[in-house]
Each structure stands twice: as structure tokens, then as C-alpha cells.
Amino acid sequence: MKGRCLLGAALLARWLHPLEAPAAERARLGGTLVVDLVGVAAPSAETAGETPEAASARALLALPLCRLSPEATPVLATLGREGAAPDTVVVTPLPGARFPDGAALRPGDVAETLYRLLEAQGPYASLLAPLASPEETLKEALLHPEAPLRLRLQHAWPDFEASLCHPAFTPSRPGTGGAPGMGVGLYVRTPAGRLVGGRGTPTGPPFPAALAFSSASARLAERALLRGEVQAVLGASPGQAASSPLLFATYLVHRKGSLPEGALSALAQVDLEALVRTFVPGPAVAMPGLLPPGLLGTAPLPAAPRAAPRPAGAARGFSLGYEAALPEQRAVAERLQVLLHDAGFQVHLLPETRAGLERARLAGAFEAQLVSVLLPPLPAPALAVVLGLAGDTALLRRELPGLGAEGDAAARAARVRARALELQPVLPIVPLYVRGLRVQLSEALVGARKDSFGLLVLDDAWLVR
Amino acid sequence: MRLRTKLTLAFAALSVLPLLLPAPFVAHRLRATFTKELERRADAASALVALEVERLKSRVQEAVLAASRDSGAEELAQALAGPGPRPLPDAARSLAEGRGLAVLALLDGTGHVQSSAHFPARAGDVDRGLLAALAVPPGTVVQEDVEVSAPEGPRAWPALLSARAVEGVPGAFLVGGVLLDTALATQLSTLSGAEVEFVRGTEVLASAGGASGHRLVRELPLSGGMALRVVVGDAASAEAEAALLAALALVVGLGLLLSVALGILLARRTTGPLEALTRGAQAVAAGKLDTQVGTRARGEVGVLVAAFNHMTSELGRTTRALVKAERVAAWEEVARSLAHELKNPLTPLQMSLETLTAAQAESSPRFAELFRESAPAMREEVARLSRTVDAFARFARLPPFYPVELDMGLWAEQALLLYGAKGAVQREASFEKGLLVQADRDMLAQVLHNLLKNAEEASSGATPFVAVRVLAEGPWAVLEVEDAGPGVPEEAWERIFEPHFSRKPQGTGLGLAICRRIATEHGGTLRVGRGARGGALFRLALPRTTGTGAAAR
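So the protein lines, in turn, are chains A and B.
For what it's worth, the working numbering labels the leading residue of the first sequence as 1, then goes sequentially.
For what it's worth, the working numbering labels the leading residue of the second sequence as 1001, then goes sequentially.
Honestly, I wouldn't trust all of these hints.
Where chain B lies over chain A, by a calculated footprint (3+ residues, C-beta under 8 Å) [said to hold, decoys possible]:
1. 332-339
2. 370-378
3. 392-403
Chain B regions said to be covered by chain A (calculated; three or more residues, Cβ under 8 Å) [unchecked claim]:
4. 1121-1129
5. 1259-1266
Derived CB-CB ranges, DEER-like [what the hints assert, rightly or not]:
6. Arg1155(B) / Glu273(A): 40 to 50 Å
7. Pro401(A) / Thr1110(B): 26 to 36 Å
8. Thr190(A) / Arg1155(B): 30 to 40 Å
The set of hints was computed from the structure by calculation and includes no laboratory data.
Note that beta-carbon positions come from the ideal geometry of N, C-alpha and C, so glycine has one too.
Kindly produce the complete structure, drawing on both the sequences and the hints.
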């Protein structure tokens, strides 16, 4: 596995070396790779719509800094510690990494991406929490965009490089006029809107020369797959579900003290297995702990609060926001509304945009929300994301040094599990379920795989003709 | 009320009454017609809605049957029962789409909802309403409450349901139907043109359409204590009725205006000559005896106008001749009186002069004696002649007339004070104040003096009595002087104001004549009558003025 990843990285590094011939002049061989998206309107590199299908589609257009396999294998940049200062991570873009407009990826571009994420205070900003003075460091790097980006850690955090492989840190340039930002990808968008092989795309057959997206219902997409009209369907049949990492976690986040008495007990009584089985498209499993079962292991979970008696008198209510663009969240929110209604609570559903939900969460102007995040496949960064989601930065700063102090990965994971179990009752978070990517591939598509986040990777895939 | 007004009103009444009298009857008939029409509409709408509900049941049956035979239903049921990943809980929605089914759920053999188009969040649960639809023979349409999603959470809502087994998949059932909700009420309302309500007891579950005004309700019973209420309102017919009545009122109003205008014209033409005759008669009464009416008229009125004009012409001519004759007679009377008055003293003068002449011719020794005796008598007669001539002169020419505004009561009271108590004459006085007249103060004093003097002379009997009163009598201010004397015989009530008529030995007979002339000069009258004590009662009546605020005393 490791060898295969290194081979892929080497291929990428070769592709990313500057090629003299511009994209428009390059021979178009290898055909067009058509990817059908079920339940996703269009891939966008700008927003992080947290479904496996949307994230996968986005990842096809913008390459991450690195791939986790299990080390941080460079894709766009090398991440290394300085020998003299092991608490400093140096980010160095690969020489051939270029944006679609031909501009080389600079350390300043990476710093700008990190700064935007930090400034937005989203759930992934907590992955940068181990940095010492992150804002000052990144602002300084913005002033010197060509200089190597040095990120100094304020405490030991062995998983920092791996954290930077998260798709949230995919370098991109903000779009203008509301257009999606562009990232460094294998394909570039022509003025006519087609995605054709860019400078980094292999030149000869059988590598795809163009990428196209289509959108249809699951049934039609599968039929198209059988007819050979599409080569991959995201969000369709189970496909490689068994081996798919389940990292897209959905939580019910609430503001402390905003839920009526007994509501948390009623939520704890929800049969998550039944909820997932009926209302969440697979592959998905219930997530009774703060972290997905794959990260938390089989440790016994804290006892669920005893079911509170049904409140007498008028139903007590609260609002539950959810991401309107996600049918899965809507279905879960409506099911929770029904179950809580049966338990004597009135839940007012608030469909919102993801940005609207984040704004309300940062402002504390909410009662409860469904939030989906893509957790890193490593326990410590995953717990950092969850703590960031809880909004308790002080707790985050207290917890991370202790976790990072464990040099051994297994010991660190064990400590993370222990802390996750201890913190679960006190955090304003109710874990619900975790999803993975449903993907079905055509036999004509060879070399496609999933990365450690469970996203489809077509870096070294080719079409059999 | 003037004749012209009366005629105008009569014309108007005659024109409008024929329109007004049948109005209540017309309005009543109109209302009855509209009420009948409203009932007919309510019956028709009710029948239409009932028919549509039956059609709807048939459509529900057919749609559920078609859905149960759809390959999609079979695939869905197999997918739900199979080992693979479950389809989304709203997968049944694609089956419901295009079939007009607001409710559609796939149930397993235990009655648990596997997929729901109308309430995906109920997947995995049992909905008793859906289960009840399974309990009846396939294809039967029942009315049951099913759970639907509402903003505040699940809510039971009545629906017409039909159930069918999914063909080819044992233990899988489709239950579908339509909700008795606002959408269906709107559909039925649009079809029937009436307001449609789904009611349970007193609660209106859903309604559509608006029936305003007086509402006529037809109720179609449904099961479960529910009813379908079809309501029609009479707003439209009431509006039409109001419009008709308004038109009628407009016609009546215009008729009234027209008849009043015509009435005015006709009345004017009819009453114009009569009013001219009235004005002519009033002018004649005011003394303008030769007034002519210039109005042209035909028929009887024309004859009347001509007769009036002829009459006034004759009256004027006759009056002028009469005045001339009276004037001649008056002068004859004056000349006769003057001759009589002058002749009386001349005879003694002539006899005295003849006696003296004879005595002087005879050289009578008594001449001086006779002269001494005759001279005073002759002077007396000459003085008498002089007085007589003066009196006639005063009668013929009154002094200049200087009227001022004065309060007659106040003036009389003060004037009477100047006379003071007169011996044993008993006086009675009463003066009403504030009666303003335009009068020459001296002339008025002359009249009062003359009347008082006459009264005192007449009352010189055993119980002398004079009463002076000032009182108001309509537009007149009246000065009364009454005595307790023998009074004036009724046949002399006019004659005593003629010149030279005197019932006193020393009277010139001109005092009362002058007094009457002064009264006439003031626009008033002086008359005599009998007082309460049987004596003479003189009444001087002068016209009252409204006053300028500067009344002299």
C-alpha cells in the first residue's frame, strides 16, 4: 500500500513539473471521464458542503497539499520539520504546482488558505490550534509569499502534517464575483466550461484527457454506468462500501442551556441504529460516541441519560437548524422532530445554508443545529475538530497539549479515546451518525481508489478503451 | 304656502307616486327571485361537490391500483426488504408524483411504514390511519386520519385512503389517497364556485373560496364526525339587487327632478296672471286705483285680467270725478260757511251803522250815547270777523311739517305734565313706553291740546273726568282721550271733523278738522267713538317706526 502511494506521488510529482506545451495544444487522448453525481448539483471548490459525494467531486478539481497514507505524502507541497527546530513545520510547494492560470503555487498561497480558514473560525480551524501565534505567523507569511512557510507549534503535535492533508486546507484562490475559487487540479476549465487535462495531466493514452460531471437520479445513473455512458457514480449503489472509511460525522450541536429540560434525555433515547438504517444513505453507521467507531474503537460508552418522563402540560419547544441543501440532514431533522414530538417536545425546524448555520453558531444565536464535518482519519485531530465544533476554545487549548505529548501513535489514540469518553457528557454535542462515500465504478475505469478520508482519487486512473 | 308651490308639489307628487308605490312590491319580488336563485345555486354546488368527491374516490382507487402495479413500487418494496442499503425514506414520492396522490406510503406486512411520500419522517413507525385502510377490502376508499408533517411537528389530518398489495412482492402494501385539506377544498371550490369547508364538529379544518353576504349552507356528511360544507353567499345577487334598486331610485329621482322642473314651469304659467292680478288688487287697495295688469293670458284668466283692467280704469276715472266733485263741494261748503260766518257779524254792524247814520242825520241828541253804545259791539263784531278769517286761514295753510322720531308714550306723559292738575277734573293716565313714531312735536301738541280742551269742556258736569292713554295696537301707536261727558252721537262721528261743524256756541268748528288733517299729514287717523263711561273717545293712531335709537321725548 505504502509503495503504491509513493508511486502515485511520484507520478504526480512528474506531472506537476512544468511542461512547455500549453493545455490547448496538447493531444487529447484517453477519452473523457464522466462522473455522475447523485444528489449533488455541481462541484464547488469554494464551500465545504459536507457530504462525501460533494467533497469527492470537489477533490477531483482541486488537489490537496498532501495525501495521508499514512504519512503525509506530498501532492502539492512537502511538509517537513526543520532539523534544528523540530517544533517548526516547513511547507514548501512542489515546483510544478500551478494554478489553472499558470501561476505557480507559492508558500504565500498556502498561508492565505490557512488564514482564511482561521479567520472563518469554522470547525476545521481547530486543526490549526497547535500553532503558536497562528494569525501573526500567517500574516507575516502573506507579506513574504515567496519565502518558505514556517509554522511553529506551541506544543508537541505529531499529527500536524497529517492534519494539513485535510481537504479543507486545499489551496485555492478565492473566486471573483461569487465564482468558485480555483485550486490546483489535474483539469482546467475552458472558457466553454469544459474540464480538460491541464499541464499536469499525463499526455498519452490511456489517461483521461477530459473530465465531465453529470447529475441524475440514482437509478438513471446506474443505468448509464451499465451502458458505459459514465465511468463513476458518486452516491449510488454500495460499491466498495465495506472498505470505505466512515468519516463524515453528523452531530446535533446545541447552545448550552437552550434545550428544554428532558430534551437531551429524549435525544439519548433515539435509536440511532434505526435512524441510520432508515434515514441516512449508506454506507453509514450510528455514532454513539464523540468519534466514529473506527477512531473510538470498541470502548464502552458512557451510560445514556435515563429517559425523562414526558413533560406535562404544553409541549416545550426549541428550534433545530439544518443544512437545507442536504436531503440527508432534512430527513434526519424531520425524523428527530417526529421522535421528539412523540416524547412531548415541539421542534421547530429551520432549514438554512451552511454559511447561515455557521454564522448563527459563531454568534451563539441558535438553539440546536445539525452539523456535518469531515473528520481527519487520526483520532487526535478528529477530537480537535469535535472540540472546535463544541465552540469551547479554552477546553481545546487545555486538551491538545496533553494529547500531543503522547509521542506514540497508539498511546495517543488510546488517550484520545479516553478523553472523548470523559468529555462527551459535558460537551453541548450529541453525536448521531457517520457516513462514508458511496461510489460505483465502471470496469472501464482502472486505478481509481479512495484516500484516507474516503474520497475518490483519480490521480493515476485510466480508461480501458 | 303659495299657490305656485302647491301646484309644483302637486305635479311632483303626481309624477313620482306612480313610481314609488310599486317600489316595495318590486323590491320584494326581486329579493324572492334572488333567494330562489341562491338556493338553486347552493343545491347545484352541493350536488357538484358530492359528485366530485365520488369521482375523487374513484381516482384514488385507480391511482393506488396503478401505483401498486408500477415496476417502481415492486423495485422499492424489494429494495426495502432486501439486504442492500435502504432507499431513502421518501422514495415513495416518485410513485406518488403524477398520480395526484397527496398521501402514499409503502407498508410491510406488519403495518410499519417503509417509505412515505407524504411524511418520510414516519418511516419505520405505524400509522393507525394507514393501517385502518389495510383492514378494509382492497380498493375500498375509507376516510381516516393520517399523520402528516407540519411546521410544529406531526399532525393528524383526514384523508380518503385506498390500499393495494404491491404486485409481485408478498407482504408489501401501498396505501394512498388525498388529504381533505385546503388544496382539495380549493379544487372543489374552484369547480363549484362555492365556499368549501371541511369541518369536524365546530372546528373548520380547511376551507377555500369566500361566500360573503347572507350564507346558504349545504352539508354533506363524511365519516368520523366530519362534514363537507358547501356555502354559497348572496353577495353577488345582493349586489345585483342593490344595483337594480339603485337604478330604480335613480329613475325616481330623475323623475322627481323632471316633474319638479315641469311643475315649476307649469305653475309659473298658470299662476303668473293670478299673481299679477293679486299685485294689482293690492295696489288698488293701497290707493293706486287705476292700476293695470300687464300680463298676457288666455281663456278665463285672460277674461279676468281684462275685466280687472277695465274695472280699475273705471274706478280711477270715477274716483277722480268724485274727488273733483268733493273738492267743489268742499269749496262750496267753505264758501257757504265763510259767507255765513261773515254775514252774521255784518248784520249787527250794518244795523249799528244805519242807527248811527240816522241819529247823525236827525242830529239826535242821543247820537253820542248811541255811538258809545254801538262802538264796542261793532269792534267786537270786527274782531269776530278777524278771528273767523284767521281760523280759515289756518285751516287752509298748516305750518311746515317737521317730523322727528319720538316715543309717543313718553312724550304724552311729559306733555300732560305741562297741563298740570286742572281743578276738580279727575284724570286717569296710562302710557305704554317705547312706541316710536315720526311726528311733528308741535302739531302733535296741538292735537293733544285740542282733544284735552274739548274733553274738559265736555266733562264740566258733576263728575268731571278725563282719561289719557297711549297704547300699542298692531303697527299703530294710539293716543286715546276719553271724557265722561254726554258723548258724540254716532251720526256725528264723521261730521264733527268737517270744517265749521261745532257743537259749541263759541267754537269756530275748525279745531277737530285741523286735528284730523294733522293726523292725515302724519299718515295716521283720528276717529271718535263712545267711551266706557258713555262719553266721547277720541283715538289718534300714528304708524309705528322701528326706530333709529335716537327717539326724542
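Results for each hint:
1. 332-339: holds (count 4)
2. 370-378: violated (count 0)
3. 392-403: The restraint on the segment 392-403 of chain A is violated, since only 0 of its residues have a Cβ under 8 Å from chain B and three are required.
4. 1121-1129: Our answer is that it holds, as 5 residues pass the Cβ test (under 8 Å) against chain A, meeting three.
5. 1259-1266: violated (count 0)
6. Arg1155(B) / Glu273(A): 40 to 50 Å: 27 Å, violated
7. Pro401(A) / Thr1110(B): 26 to 36 Å: 54 Å, violated
8. Thr190(A) / Arg1155(B): 30 to 40 Å: Hint violated: Cβ distance 52 Å, outside 30 to 40 Å.
Taken one by one, the earlier hints fail for this structure at numbers 2, 3, 5, 6, 7 and 8, listed in ascending order.
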